[in-house]
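Protein chains in written order, with UniProt numbering: chain A, 1 to 420; chain B, 1 to 87.
In silico DMTMM-like cross-links for lysine to aspartate or glutamate, where the CA-CA straight-line distance does not exceed 25 Å: (1) Lys153/A to Asp205/A; (2) Lys275/A to Asp16/B; (3) Lys265/A to Glu19/B.
Think of the hints as simulated: they come from the structure by calculation, not from any bench.
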Amino acid sequence: MTNGNRVGIEKIFAYPCSMTLDMVALAEARGVEASHPIEDLWVEARSLNPVWEDPVTMAVNAARGLLEGEDPEQIELVVVGTESSVDFGKPISSWVQRLAGIGHNCRNYETKHACYGGTGGLMSAAHWVASGFNRGKKALVVCTDQSRMHLEKPWEFVLGAGATAMLISDKPDLLEFELDKNGYWTNEISDTYRPSSRDEVGHADTSLFGYLEAVEGASEHFMEVSGEQDYDANFARHVYHVPFGAMTYRAHRAVVRRFVPGLAKKQIQGHFERKSKGGLKYNRRLGGTYTSATFLALMGTISAAAESGDPLQAGQRISVFSYGSGSCSEFYPVRVGPRATEIIANAGLDARLDARQTVTVPEYEAIERTRASYVETPTYDTDKHGPDGAWAKHWSAAYEGKGLCVLDGLHEWERRYRLS
Amino acid sequence: MTREHVLEVVTRHLVDTIEELEGVEIDPVKSMKDLGANSLDIVEVVSCSMRELKVKVPRSELNQLNNINELVELLHKSVQEKEAAAD
Chain A
1 MTNGNRVGIE
11 KIFAYPCSMT
21 LDMVALAEAR
31 GVEASHPIED
41 LWVEARSLNP
51 VWEDPVTMAV
61 NAARGLLEGE
71 DPEQIELVVV
81 GTESSVDFGK
91 PISSWVQRLA
101 GIGHNCRNYE
111 TKHACYGGTG
121 GLMSAAHWVA
131 SGFNRGKKAL
141 VVCTDQSRMH
151 LEKPWEFVLG
161 AGATAMLISD
171 KPDLLEFELD
181 KNGYWTNEIS
191 DTYRPSSRDE
201 VGHADTSLFG
211 YLEAVEGASE
221 HFMEVSGEQD
231 YDANFARHVY
241 HVPFGAMTYR
251 AHRAVVRRFV
261 PGLAKKQIQG
271 HFERKSKGGL
281 KYNRRLGGTY
291 TSATFLALMG
301 TISAAAESGD
311 PLQAGQRISV
321 FSYGSGSCSE
331 FYPVRVGPRA
341 TEIIANAGLD
351 ARLDARQTVT
361 VPEYEAIERT
371 RASYVETPTY
381 DTDKHGPDGA
391 WAKHWSAAYE
401 GKGLCVLDGL
411 HEWERRYRLS
Chain B
1 MTREHVLEVV
11 TRHLVDTIEE
21 LEGVEIDPVK
31 SMKDLGANSL
41 DIVEVVSCSM
51 RELKVKVPRS
61 ELNQLNNINE
71 LVELLHKSVQ
81 EKEAAAD
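Between the sequences and the hints, there should be enough to build the whole structure, so can you do that?
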């Protein structure tokens with residue numbers, strides 16, 4: 001760092017929701033070959049919320065998991081990145097401050113730029129810490145998103161939900177930034193957007209073109225400003241934004257074709273499998289997580305390396321590419337911190353994923369329809385019982401008395417959250 | 001730049017993207033889909049070709065193409081327009 005201030009991610013935690021839908025079951029129900037989600041897209045399952053959870057509860061639950069054992073008074077900035085917000089004016093960060101027990105002397109705001117919104121918020125928080133004007137205090141950055149309802153649409157296999165929370169400070173135990181080296185790329189296009197409270201519009205080809213153009217534009221900017229030319233030698237691993245896993249192979253191929261000219265065509269796949277594919281272990285199980293996607297891939301990268309018996313070492317570097325439709329992207333290096341493997345193991349994400357309740361396709365459809373019926377409704381109580389009592393068991397097993405943030409409903413538009 | 005050169009660029013990226021096509025003679029009357037390309041492959045081939053040829057073709061025009069020849073025509077037209085503007 002040119003100004004000498006160290007900054008990075010001290011700790012991370014992910015909240016993967018309490019329910020899951022298997023993609024092979026969904027493929028069967030839709031009359032689609034199972035190979036489509038598994039081999040074409042690399043998606044095995046998606047996370048799903050019961051109707052009493054939403055992007056606010058996920059954000060709070062991720063933040064509360066992160067802050068276990070931490071002093072919340074040390075946080076003076078709360079940023080929530082999302083493209084799934086529940087209000088045009090009131091930010092999710094305001095609920096996170098109160099329900100995660102953070103003090104009143106803090107700033108809080110929401111950042112929006114499709115899947116890039118969390119990275120944009122993270123970088124502004126990191127610059128605040130690096131500025132030295134933070135007086136030694138920390139930032140909490142949360143990414144939270146859930147897909148809208150898309151029953152029986154061809155793109156139903158790339159949906160999902162989830163939240164990640166990160167503590168940003170001058171003690172980068174997990175990952176350290178090198179903020180003066182970040183490359184970025186903005187290109188105004190209309191590829192995916194959420195123009196109403198119900199709709200989530202996507203133009204697949206435009207988005208894929210936009211993504212590929214962005215990975216080249218942002219990586220080229222990184223090479224230029226960092227002065228680093230050896231993409232292969234400088235990075236132990238590579239993380240790319242994950243709309244669905246298979247896209248990251250295309251991104252890797254686009255970058256290595258340009259910046260690793262010595263790599264033969266036939267070696268690219270092996271190179272990708274060695275340096276990037278293992279990191280998708282969590283994304284495969286959560287499905288599309290929008291703002292959280294690259295952070296889940298970072299967690300997966302560190303976890304997969306440890307599982308392989310060759311954990312990443314402090315000082316090794318990972319390249320990260322974040323892309324948000326619309327569009328903005330960032331290509332940046334992170335340096336593995338001294339406690340990275342331990343922090344990821346403590347986050348316990350594998351066990352949290354295993355603990356999710358598996359729902360059938362009809363159950364998933366009933367949940368999505370009920371959730372959609374709440375949209376633009378000023379007063380309702382979230383249904384904790386479900387059709388024929390189907391959801392009551394999940395409520396009592398996974399929520400009652402567990403201290404998780406839940407939405408009880410709306411009263412004349414006011415959202416009523418509490419800890420269960 | 002000749003049409004043959006544009007065809008060479010497109011077929012090279014096609015073979016680079018879909019390994020199974022190596023050594024296969026590419027018939028440009030066929031669509032990339034006929035040759036086994038999925039939608040991600042097609043995006044990658046077009047994206048790489050546009051970058052190498054330094055042209056950008058609107059997505060709306062790309063969506064209407066039926067085969068490789070039509071893609072080559074469209075890219076060649078863009079290249080010629082760019083060359084004419086530079087003269």
